[in-house]
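Protein chains: 2
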Amino acid sequence: MGRITCANVLSDLYAMGVTECDNMLMLLGVSNKLSTDEKEIVVKLIMQGFRDCALEAGTSIQGGQTVVNPWMVIGGVATSVCLPSEYCQPDGAVPGDVLVLTKALGTQVAVNVHQWLIEQSDRWRQVSTVLTEQQARQAYQSATRQMARLNRTAARLMRQYNAHACTDVTGFGLLGHANNLAACQKADVSMVVHNLPIIAGMAAASAHLGGAFGLLRGTSAETSGGLLVAMSRTDAAEYCKALEATSSSDGGGAAWIVGVVEAGSRSAVIADKPRIIEVNAAGNTE
Amino acid sequence: MGRITCANVLSDLYAMGVTECDNMLMLLGVSNKLSTDEKEIVVKLIMQGFRDCALEAGTSIQGGQTVVNPWMVIGGVATSVCLPSEYCQPDGAVPGDVLVLTKALGTQVAVNVHQWLIEQSDRWRQVSTVLTEQQARQAYQSATRQMARLNRTAARLMRQYNAHACTDVTGFGLLGHANNLAACQKADVSMVVHNLPIIAGMAAASAHLGGAFGLLRGTSAETSGGLLVAMSRTDAAEYCKALEATSSSDGGGAAWIVGVVEAGSRSAVIADKPRIIEVNAAGNTE
Chain A
1 MGRITCANVL
11 SDLYAMGVTE
21 CDNMLMLLGV
31 SNKLSTDEKE
41 IVVKLIMQGF
51 RDCALEAGTS
61 IQGGQTVVNP
71 WMVIGGVATS
81 VCLPSEYCQP
91 DGAVPGDVLV
101 LTKALGTQVA
111 VNVHQWLIEQ
121 SDRWRQVSTV
131 LTEQQARQAY
141 QSATRQMARL
151 NRTAARLMRQ
161 YNAHACTDVT
171 GFGLLGHANN
181 LAACQKADVS
191 MVVHNLPIIA
201 GMAAASAHLG
211 GAFGLLRGTS
221 AETSGGLLVA
231 MSRTDAAEYC
241 KALEATSSSD
251 GGGAAWIVGV
261 VEAGSRSAVI
271 ADKPRIIEVN
281 AAGNTE
Chain B
1001 MGRITCANVL
1011 SDLYAMGVTE
1021 CDNMLMLLGV
1031 SNKLSTDEKE
1041 IVVKLIMQGF
1051 RDCALEAGTS
1061 IQGGQTVVNP
1071 WMVIGGVATS
1081 VCLPSEYCQP
1091 DGAVPGDVLV
1101 LTKALGTQVA
1111 VNVHQWLIEQ
1121 SDRWRQVSTV
1131 LTEQQARQAY
1141 QSATRQMARL
1151 NRTAARLMRQ
1161 YNAHACTDVT
1171 GFGLLGHANN
1181 LAACQKADVS
1191 MVVHNLPIIA
1201 GMAAASAHLG
1211 GAFGLLRGTS
1221 AETSGGLLVA
1231 MSRTDAAEYC
1241 KALEATSSSD
1251 GGGAAWIVGV
1261 VEAGSRSAVI
1271 ADKPRIIEVN
1281 AAGNTE
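Residue numbers (our numbering), protein chains in the order written: chain A, 1 to 286; chain B, 1001 to 1286.
For reference, chain A alone in the conformation it holds in the complex:
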């Protein structure tokens, strides 16, 4: 959880193409329902995960705040002071650009399905007609691994390959963030998503539950999701290739061209019958 939070916090900098973080704060609400022993183990592990991830990102935690709370809360702040040449303005998408996504969708579904499996709940029994226990566990591992992965390499390459605009995909889901991105462009554009790369099995699980979480409509919340980058088609192809080449060193660097930028009215849509790309545990497309 600490690692994922830290990666999620840093992602806001990475979405601006900023790869060097000057300073981080860690914010903790420690549950008053934990016993002293539980606190000792859980809080220490969360702080360690946050700290490890910050170190991996080449930064460190200089402060923060811890409070008592009825449930666990974890968050943080990442700050950088930059020259204009060190970040990308997120408003330069133009018709003809394509949209690249750097992590698969479906983290919310994977985490919930896994929880149902552990609890052997009714919903798990429902999902288990389309998903084996092993598939559910793999999806959860896959989700955890990609949530803990930094968008730093994706950010560095984004500057190198002349990104026109970028956001990161988190609580509002792919469509929500694409909408926000479309709305803040200088040009009158719309964004159309044709492909949905989804953690293996999660599209079937969502469909089987009557469209649970809105995953296939692009509205399922993601935690520490990937970057959604608008860039020219040529740059995008090079960008995806370069990002995939880093896979071995930073534990997964798949990227998919998921849509296009057209002249339009500053909004985003998911195309009718989008193509579902099943992404397996190794981050590769099946």
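It is worth saying that the hints were derived from the structure and are not from the lab. Keep in mind that a hint or two might mislead.
[Stated by the list, open to error] Pairs of lysine-lysine, DSBU-like flavour, derived with a Cα cap of 30 Å:
(1) Lys-33/A - Lys-1039/B
(2) Lys-1033/B - Lys-39/A
(3) Lys-44/A - Lys-33/A
(4) Lys-1033/B - Lys-33/A
(5) Lys-1241/B - Lys-1273/B
(6) Lys-273/A - Lys-241/A
(7) Lys-1241/B - Lys-1186/B
(8) Lys-186/A - Lys-241/A
[Unchecked claim] Chain A is nowhere near these chain B residues, computed Cβ spacing over 12 Å in every case:
(9) Val-1043
(10) Thr-1059
(11) Arg-1137
(12) Arg-1159
(13) His-1194
[Said to hold, decoys possible] Covered by chain A, according to a simulated footprint, are these stretches of chain B (three or more residues, beta-carbon under 8 Å):
(14) 1095-1108
(15) 1118-1132
Glycine residues also receive a C-beta, built at the ideal position from the N, C-alpha and C atoms.
On the provided structure of chain A, position chain B as indicated by the hints.
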């Protein structure tokens, strides 16, 4: 609550002598126990108070995060990028310096006593033998007013009057923060507190409750407390005068010389039988 939080957050900058804040974030946990109507009123007022206080401080809120939580949480982050000439290192106190405090102590006691009064609890019946209802209400108002007051003028004047070291007094109480300050000085010093300026009536209330909150031992937590500044005796006298002269414009600017810096072993103590200074609602010493 919004105002107080904002003043408390900014206080960390002011304790470094930094008077210009570049950017603020507001962090909100909205209680899931509030009805829609309550949310509409309470959350709006808290956000408005935070925003008003930020404006008063010459800064503004550029971001933040809101989450759902079992109880209300409010916090924030204040960031400034400074030249070395724009802040004070907090490590230059030397023997012979005196300690100045810029807000009275006792906010925790005042807020609790007021709560007991509202609830007409047993503790209120106990305290009411040494405190009238009117005194309890005045103490609460006085506490609220000073918690919402910015330490900005105190910070500006501190640079002007050559402060040697400073901290702000919050959760660890006067003694806790004095201890931290003494521990981080370049010189081997100790800090001895002789005077305790306390919101009128709160010393009696605390004493009557068997030393409740540790107010007379300097360990009662403060919220958005004053600055504790080490400076030469001459500068301190001028500093207090200058700060008091700003009272009318910024709603209270009392300051008291509360102790001395001596050669010692990097810790702080409250002197035996410290002098209690009763501070009335107008921020003046009675």
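Tested hints:
Taken as a hint, the Lys-33/A and Lys-1039/B pair is honoured in the structure, with Cα atoms around 26 Å apart against an allowance of 30 Å. Taking the CA atoms of Lys-1033/B and Lys-39/A, the gap is about 26 Å. The hint holds against a cut of 30 Å. For a cut-off of 30 Å, the pair hint linking Lys-44/A to Lys-33/A stands: about 16 Å separates their Cα positions. The straight-line distance between the Cα atoms of Lys-1033/B and Lys-33/A is roughly 18 Å, inside the 30 Å bound, and the hint therefore holds.
A distance of roughly 27 Å separates the Cα atoms of Lys-1241/B and Lys-1273/B; the hinted pair therefore holds under the 30 Å criterion. This hinted pair checks out: Lys-273/A and Lys-241/A have alpha carbons roughly 27 Å apart, not beyond 30 Å. A threshold of 30 Å between alpha carbons decides the hint, and for Lys-1241/B with Lys-1186/B the separation of about 28 Å falls inside it, so the pair holds. Pair hint Lys-186/A plus Lys-241/A holds up; C-alpha atoms about 28 Å apart against a cutoff of 30 Å.
For Val-1043/B, the requirement that its beta carbon stay farther than 12 Å from each beta carbon of chain A is met, with the minimum near 17 Å. Residue-level check passed: Thr-1059/B sits 15 Å from the nearest beta carbon of chain A, beyond 12 Å. The Cβ of Arg-1137/B sits about 28 Å from the closest Cβ of chain A, beyond the 12 Å cut-off, so the non-interface label holds. Every Cβ of chain A is farther than 12 Å from the Cβ of Arg-1159/B; the closest lies at roughly 22 Å, confirming the non-interface assignment.
No beta-carbon of chain A comes within 12 Å of the beta-carbon of His-1194/B; the shortest separation is about 32 Å. Under a criterion of three residues with beta carbons nearer than 8 Å to beta carbons of chain A, the stated coverage of the stretch 1095-1108 of chain B fails, only 0 such residues being counted. Given as covered by chain A, the stretch 1118-1132 of chain B fails the check, having 0 residues with a CB less than 8 Å from a CB of that chain where 3 are the minimum.
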